[in-house]
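Residue numbers (my numbering), protein chains in the order written: chain A, 1 to 633; chain B, 1 to 248.
Just so you know, these hints were derived from the structure itself, not from any lab.
Mixed in with the good hints there might be a few duds.
[What the hints assert, rightly or not] Simulated restraints on C-beta separations:
(1) A/G170 <-> B/H141: 33 to 43 Å
(2) A/A632 <-> B/P143: 32 to 42 Å
(3) A/W64 <-> B/G240: 38 to 48 Å
(4) A/A168 <-> B/G76: 36 to 46 Å
(5) B/P9 <-> A/A257: 57 to 67 Å
(6) A/A632 <-> B/G36: 32 to 42 Å
(7) A/V110 <-> B/G76: 50 to 60 Å
(8) A/A632 <-> B/P106: 21 to 31 Å
(9) A/A168 <-> B/H141: 34 to 44 Å
(10) B/G240 <-> A/A632: 21 to 31 Å
(11) A/E494 <-> B/H141: 58 to 68 Å
[To be verified] Short, incomplete list of chain B residues facing chain A, as computed with Cβ under 7 Å:
(12) R37
(13) G107
(14) E229
(15) L232
Just so it is clear, CB atoms sit at the ideal spot from N, CA and C, and this is done for glycine as well.
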Amino acid sequence: MTGRGARPARPRPGEATGLRTAACLVTAVLLAAAGPTVLVGAIAFCAAWLRGWPPRRLLVAAGWCAPMVALWLAMTARDAGWSAAAAAPFDAWRDFWRFAAAGLPLRAAVTVAPPAIPAGLVAGALAWAYRSDYLRSGAGGRSPAAAVAFDQRQWQHQVRSARARIAAPGAVPLTTRGDLIVAGAVIRTSGHRTGQLAAIGYPRMRSHQVVVGTTGTGKTTLLLRLWAAFMATGLRRQADGRGARPLVVVLDCKGGAAARRVADRFRRVLREAGAKSTAVWPDEATLSLWDLPPRRLTTTLVDLVEHGTGSAAYYADVMEALTALAVEAPCGPPRSSQDLLDRLEPGWLGTAYAGTGSAAEHAQIRSAGRHLGDVALRYRTLFRRLGAGLEGPGSFADADAWYCILEGTDQISVAESQARALTDLLTTFAAQATVPREILLAVDEFSAVSRRLPVWQLYERARSLGLAVQVSAQSWQGLAATQDERYRIAASAEGGIWLLRTPHPEPLTGLAGSRPALATTRQLGRYPRWLRQGSSRLQDVPVVDPGLIRRLDVGQAAYIYGGGVTYLQVKRLVAAPAALTGMQAVPNVPASRTAGQAAGRTASDARTLRPAGPVLPDAGSLLDAAFGREPAP
Amino acid sequence: VSVGQSSLPASAAALILAGEMYALQLDQLAVALRSGRRGASSLAGRWRAAGLAETGPLSQGPRWVWLTRAGLARAGLPYTAAAPGLSRLAHLRAVTAARLALSAAPGFAEGGGYWRSERRLRARMAGRAGLREHVPDGEVHWPGGTAAPWAGECWAIEAELTPKTPARTIAIMRELLHRTGDYGCLAADAAVPGRPPRHHRAVYVCSAAARPVVSRAREALGPLAPRVEIRLLPPGAALGDARWPDPP
Numbered sequence: 001m002t003g004r005g006a007r008p009a010r011p012r013p014g015e016a017t018g019l020r021t022a023a024c025l026v027t028a029v030l031l032a033a034a035g036p037t038v039l040v041g042a043i044a045f046c047a048a049w050l051r052g053w054p055p056r057r058l059l060v061a062a063g064w065c066a067p068m069v070a071l072w073l074a075m076t077a078r079d080a081g082w083s084a085a086a087a088a089p090f091d092a093w094r095d096f097w098r099f100a101a102a103g104l105p106l107r108a109a110v111t112v113a114p115p116a117i118p119a120g121l122v123a124g125a126l127a128w129a130y131r132s133d134y135l136r137s138g139a140g141g142r143s144p145a146a147a148v149a150f151d152q153r154q155w156q157h158q159v160r161s162a163r164a165r166i167a168a169p170g171a172v173p174l175t176t177r178g179d180l181i182v183a184g185a186v187i188r189t190s191g192h193r194t195g196q197l198a199a200i201g202y203p204r205m206r207s208h209q210v211v212v213g214t215t216g217t218g219k220t221t222l223l224l225r226l227w228a229a230f231m232a233t234g235l236r237r238q239a240d241g242r243g244a245r246p247l248v249v250v251l252d253c254k255g256g257a258a259a260r261r262v263a264d265r266f267r268r269v270l271r272e273a274g275a276k277s278t279a280v281w282p283d284e285a286t287l288s289l290w291d292l293p294p295r296r297l298t299t300t301l302v303d304l305v306e307h308g309t310g311s312a313a314y315y316a317d318v319m320e321a322l323t324a325l326a327v328e329a330p331c332g333p334p335r336s337s338q339d340l341l342d343r344l345e346p347g348w349l350g351t352a353y354a355g356t357g358s359a360a361e362h363a364q365i366r367s368a369g370r371h372l373g374d375v376a377l378r379y380r381t382l383f384r385r386l387g388a389g390l391e392g393p394g395s396f397a398d399a400d401a402w403y404c405i406l407e408g409t410d411q412i413s414v415a416e417s418q419a420r421a422l423t424d425l426l427t428t429f430a431a432q433a434t435v436p437r438e439i440l441l442a443v444d445e446f447s448a449v450s451r452r453l454p455v456w457q458l459y460e461r462a463r464s465l466g467l468a469v470q471v472s473a474q475s476w477q478g479l480a481a482t483q484d485e486r487y488r489i490a491a492s493a494e495g496g497i498w499l500l501r502t503p504h505p506e507p508l509t510g511l512a513g514s515r516p517a518l519a520t521t522r523q524l525g526r527y528p529r530w531l532r533q534g535s536s537r538l539q540d541v542p543v544v545d546p547g548l549i550r551r552l553d554v555g556q557a558a559y560i561y562g563g564g565v566t567y568l569q570v571k572r573l574v575a576a577p578a579a580l581t582g583m584q585a586v587p588n589v590p591a592s593r594t595a596g597q598a599a600g601r602t603a604s605d606a607r608t609l610r611p612a613g614p615v616l617p618d619a620g621s622l623l624d625a626a627f628g629r630e631p632a633p
Numbered sequence: 001v002s003v004g005q006s007s008l009p010a011s012a013a014a015l016i017l018a019g020e021m022y023a024l025q026l027d028q029l030a031v032a033l034r035s036g037r038r039g040a041s042s043l044a045g046r047w048r049a050a051g052l053a054e055t056g057p058l059s060q061g062p063r064w065v066w067l068t069r070a071g072l073a074r075a076g077l078p079y080t081a082a083a084p085g086l087s088r089l090a091h092l093r094a095v096t097a098a099r100l101a102l103s104a105a106p107g108f109a110e111g112g113g114y115w116r117s118e119r120r121l122r123a124r125m126a127g128r129a130g131l132r133e134h135v136p137d138g139e140v141h142w143p144g145g146t147a148a149p150w151a152g153e154c155w156a157i158e159a160e161l162t163p164k165t166p167a168r169t170i171a172i173m174r175e176l177l178h179r180t181g182d183y184g185c186l187a188a189d190a191a192v193p194g195r196p197p198r199h200h201r202a203v204y205v206c207s208a209a210a211r212p213v214v215s216r217a218r219e220a221l222g223p224l225a226p227r228v229e230i231r232l233l234p235p236g237a238a239l240g241d242a243r244w245p246d247p248p
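Input sequences plus hints: build the corresponding full structure.
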């Protein structure tokens, strides 16, 4: 006797083959018997594979069949009693074969449809779930690489489905009930709820967001859609009495001709979304820096001038003291840049404070007076840089949507100063508005002004004012100057992160965290054949695949939020025709602006416009001859 | 009658006019023929006898005449033959009155004006007219090379009998003035930023009731307003206000 324990006897090779054949035969007979269900299941399986659907979608479809099944059972119970209703599925199956044998395929199909369709959908869902999990785990396929190939093929199928959905007229609305903002069609999700439309709640747009994507990836299209949806949803909420009127302010820090083209799209898209008036700064509308409260104006003016460090701090203090004296003079704050420059003279300050100033103020005028010329020189340079766009008149209340163009590519220092001034104006407007507004501040190409506009400070200030900030950049490095600042911005994006194709997505994808996934190893037999033996283990994999982000096509984006990601195909907004070329705004003619806005026109429409090309000839003579003179109004 | 072929006999030109305008009342046919009541009735009778047209008392006033399939084929017009809808009779009469008045103006023939009817525009669209696409009641094309100051222009003609809402009127005006492509062109070419507009101006010929809304809508257009002309419909343009011309 050997020491071997009792083992179940292994079937001999011939017996094993026989068993397998028998099992196959039994399975084939069962599948044939359940023909209708199998047919529906196979169709559902193929459709899910072809369209890249998750198994849940088939289960939902099966659920939608419940009314049909309930009605069918109820009618059967009414006609033949409850026992017949209980036996109805079997009777339908039996009748199916009877009609099929009698050469009545249509009747057979109708008879068996109520039980077969939902059952088939469930079977298809289970089979599809098994198949996809089997392959994703690495256990299926001829080689371990089958999981990768399967995933890439499914991605292509899902992209095709999403593109078909956004191409269908009316399939992707701008906003839906429940204040959902629809950005496009879902390609795939991980950690988010699956669905056909990629939608986020309005509160997320009221939180800070980050958008990163290189040039030409559809970033502007995505942003325009988000802004328009924010406007449309906000206006609907206001009409329902559930919120304040929305205000969208965009700082385009690139500038140039491209910014003007985007501004034109912005104007048309926002008007379509319901914005009553739009404004493009500084081309067609102005804002007034001089409407700031005196103390705030002092701070803003001092901040707008660049100061050095070290001994330069002394001059910064001198400048602040003199600016405060000029701005907070007893006669009231200055109303224009020239007014301020006029005040920065010893004679003016002495006269202004002659009767009312305190001893400390008089001492300041005496001690710092010798620097007044230098301070005036710096402000003169600053105002030349800022241009006329901040000289007024105007305030953010004049329009529902503002597109502010900053020449960040051409003149960085100018753009930095302008960005700083505009954000100060906006935060003051948000804090002091008599009528509250729900404000979204979008800063496009943030890197151009990030040196002088510390956005994390703006984030914190904005949070207290109920102002949402949306920062966009072409790359992770473009978000801010230092790694610390970039992480601050990204980590503060409570409204989520929109990622388009970008070469270095890892820091942002890492914020989505990881998820457990099954990793399977398989033994290599004789190449290229892998054996079925191997082992599996759980390991953490990134929720967002950086490689997939690098491969995103134009118009595709990933929305990262709450440890999950939704990949989507962005639906482009089609706006009304653009204004005719050849009609140009006459700059700096603000007289009719207020009246025009009161009539509900755009800030730019309200300007005096004239045709830039040749004036149309007078056709009055012909029309008068045909129809008589034009009637008096 | 100006149908673009001034060398045609008056009866042939009138046949084309009747086809292009959907239908005519006999008094308007008489104006087109520069004849009187008897001449128009006689011609309509001959058309009906030849199977080229149908006539009938569709509204108060003179009888209406519209072309049959054979009549449209004789005129070379590729339209679907149908009797005019009763709800459109007033509008059809107003547009025809505007066309006849404009054609009779001294500068029209000198400028080589050509009226392109709504029916022709719709035929070019071949049933592809979207619900949101507005088709004017007519276009007047002015060929270049004439002495007319407006040579080379294209005008959109709108006959307004009843007032629409100001918003709708403004939207139509904007659409007409922003359009860049011909009717029936690809949707992508209909309004392309940067291209010259198709209609240099829009001529609104309106009733006294519609005139205030049209005027207000023009005011709201801002810089586009100079490109909109407003006139009142000529006398006799209203349904039931038929005026027979004096026989020559």
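Here is how each hint holds up against the structure:
Separated by about 36 Å at the C-beta atoms, A/G170 and B/H141 satisfy the suggested range of 33 to 43 Å. A C-beta distance of roughly 34 Å is found between A/A632 and B/P143, which places it inside the suggested range of 32 to 42 Å. The hint said 38 to 48 Å for the Cβ distance between A/W64 and B/G240, and at roughly 58 Å that hint is violated. Roughly 41 Å separates the CB atoms of A/A168 and B/G76, a value that falls within the hinted 36 to 46 Å.
Between B/P9 and A/A257 the beta carbons are some 58 Å apart, a value that agrees with the proposed interval 57 to 67 Å. Between A/A632 and B/G36 the beta carbons are some 36 Å apart, a value that agrees with the proposed interval 32 to 42 Å. Here the CB-CB span from A/V110 to B/G76 is close to 54 Å, well matched to the stated 50 to 60 Å. For A/A632 and B/P106, the Cβ-Cβ distance of about 24 Å falls inside the hinted range of 21 to 31 Å, so the restraint holds.
The given range of 34 to 44 Å is respected by A/A168 and B/H141, whose C-beta atoms sit roughly 38 Å from each other. Look at B/G240 against A/A632: about 27 Å separates their beta carbons, and that is inside 21 to 31 Å. Our hint of 58 to 68 Å for A/E494 and B/H141 holds, since their Cβ atoms are close to 60 Å apart. A cut of 7 Å between beta carbons decides the hint on B/R37: the least distance to chain A is about 24 Å, and the hint is violated.
Of the supplied interface hints, the one on B/G107 holds, with its beta-carbon coming within about 4 Å of a beta-carbon of chain A, less than 7 Å. With 7 Å as the threshold, the beta carbon of B/E229 comes within range of chain A, its nearest partner Cβ sitting at about 6 Å, so the hint holds. Residue-level restraint check for B/L232 holds (minimum Cβ-Cβ distance to chain A is 5 Å; threshold 7 Å).
In terms of the numbered hints stated before, the structure departs from hints 3, 12, listed from lowest to highest.
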